[in-house]
Amino acid sequence: MHDDDARLVTALLAGDEAAFTTLSLSVQRPLSGLVRRLVSEAAVEDVVQQTWLTVLSSLARFEGRSRLSTWVLQIGLNLARAVNRSAGREEPLSDDEAPAEERFTAVGRWSQPVREWVVSTDDPERAASNRQLLTALDRALQELPEKQRVAVTLCDVEGLLPREAAEVLGVEDGSLRVVLHRGRTKLRESLERSLGRV
Amino acid sequence: MEHSPLMFFTCRDLARNVERLEDSTVPVLHRWLGRAHLLWCRNCSRFVKQYRTTVLALKHLQAPAPEQNLSALVAFRAWRRRA
Ligand SMILES: [Zn+2]
Chain A
1 MHDDDARLVT ALLAGDEAAF TTLSLSVQRP LSGLVRRLVS EAAVEDVVQQ
51 TWLTVLSSLA RFEGRSRLST WVLQIGLNLA RAVNRSAGRE EPLSDDEAPA
101 EERFTAVGRW SQPVREWVVS TDDPERAASN RQLLTALDRA LQELPEKQRV
151 AVTLCDVEGL LPREAAEVLG VEDGSLRVVL HRGRTKLRES LERSLGRV
Chain B
1 MEHSPLMFFT CRDLARNVER LEDSTVPVLH RWLGRAHLLW CRNCSRFVKQ
51 YRTTVLALKH LQAPAPEQNL SALVAFRAWR RRA
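If you read the protein sequences in the order shown, they are chains A and B.
Position one of the first sequence corresponds to residue 1 (our numbering), numbered consecutively onward.
Position one of the second sequence corresponds to residue 1 (our numbering), numbered consecutively onward.
Some hints here could point you the wrong way.
A partial selection of chain A residues facing chain B, derived with a Cβ cut-off under 7 Å [said to hold, decoys possible]: (1) Ser24; (2) Gly33; (3) Glu45; (4) Gln49; (5) Pro113; (6) Val114; (7) Ala128; (8) Asp138; (9) Asp156; (10) Leu187.
Everything labelled a hint here was simulated from the structure, so no lab data went into it.
Note that CB positions come from ideal geometry on N, CA and C, so glycine has one too.
Hey, can you work out the whole structure from these sequences and the hints?
Below, the structure is given as structure tokens:
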């Protein structure tokens, strides 16, 4: 187990509230961000609180195979999935679906032109804060297959390292990168549909 | 295709390897070939800008940090009472 995590677990098991604040401050934001992308608005608060209760009651069994923070996120992800299953929430599309290869000809050239957006991307940094773009992106993210949505949310929205996101999803680094790339590619395609000049 | 000089050769390859255009573990020559592709291919040049904009914009979707972790703290105190 990582030294910092071992110290934190010992303090938590002794009921140290300051130690808990340290942990929750570092994880609460990605945890709420992740859960918000998975369950209905009404269920977010419950899932987050249930995550903390599960974390605390399982703490004595934490083996340190992943970092404590990613373990909390794993528990949040599992609880969110369970809530969706019991609510019969349908997940969009399949995770294995690769981005549209039909955009390319047999020799690998674009089969139709990549359309320019109504928002100029000459300065990506500036375009990235455009309101119209963000509204379309928010909706597109919600429509991604679950695994891609989790990978994109953790890495690109919440700023986790791909290695950490791979731990949360329980996949190898290499497959996380593939899932992440597919998710980003689908989001760009989606934005081209919403923002592309006709 | 991992580190082939052809990793950015076709538009499909470039789109597939877009993250690696700036990856310092990819040999300089290969990255240079990628940049050359972008110079002559308007579609890929647009694709790359849009892809980068998409990734940058995702950061803006982060919700504001919760002012206090009330629900977390409630859970902690409830657990401590029970423990
Ligand atoms: Zn091209």
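Cut-off 7 Å, beta-carbon criterion: hint that Pro113 of chain A touches chain B: holds, 6 Å
Take the shortest C-beta to C-beta distance between Val114 of chain A and chain B; is it under 7 Å? Holds - the Cβ of Val114 of chain A comes within 7 Å of chain B, reaching about 4 Å at its closest.
Given Gly33 of chain A was flagged as interface, is its beta-carbon under 7 Å from a beta-carbon of chain B? holds, 6 Å
Holds or violated: Ser24 of chain A as interface residue toward chain B, Cβ cutoff 7 Å? Holds, about 4 Å.
Report holds or violated for the interface hint on Asp138 of chain A, using the least CB-CB distance to chain B and a cut-off of 7 Å. holds, 6 Å
May I ask you to test the interface hint for Asp156 of chain A with respect to chain B, counting a Cβ-Cβ separation under 7 Å as satisfied? holds, 4 Å
Taking 7 Å as the limit, does the beta-carbon of Ala128 of chain A come near enough to a beta-carbon in chain B? holds, 4 Å
Status of the hint placing Leu187 of chain A at chain B (closest C-beta pair under 7 Å): holds, 5 Å
Is the hint on Glu45 of chain A kept, meaning its closest Cβ partner in chain B is under 7 Å away? Nearest chain B Cβ about 6 Å off; hint holds.
Proposed interface contact between Gln49 of chain A and chain B, which counts if any beta carbon pair is under 7 Å: holds, 4 Å
The structure agrees with every numbered hint stated previously.
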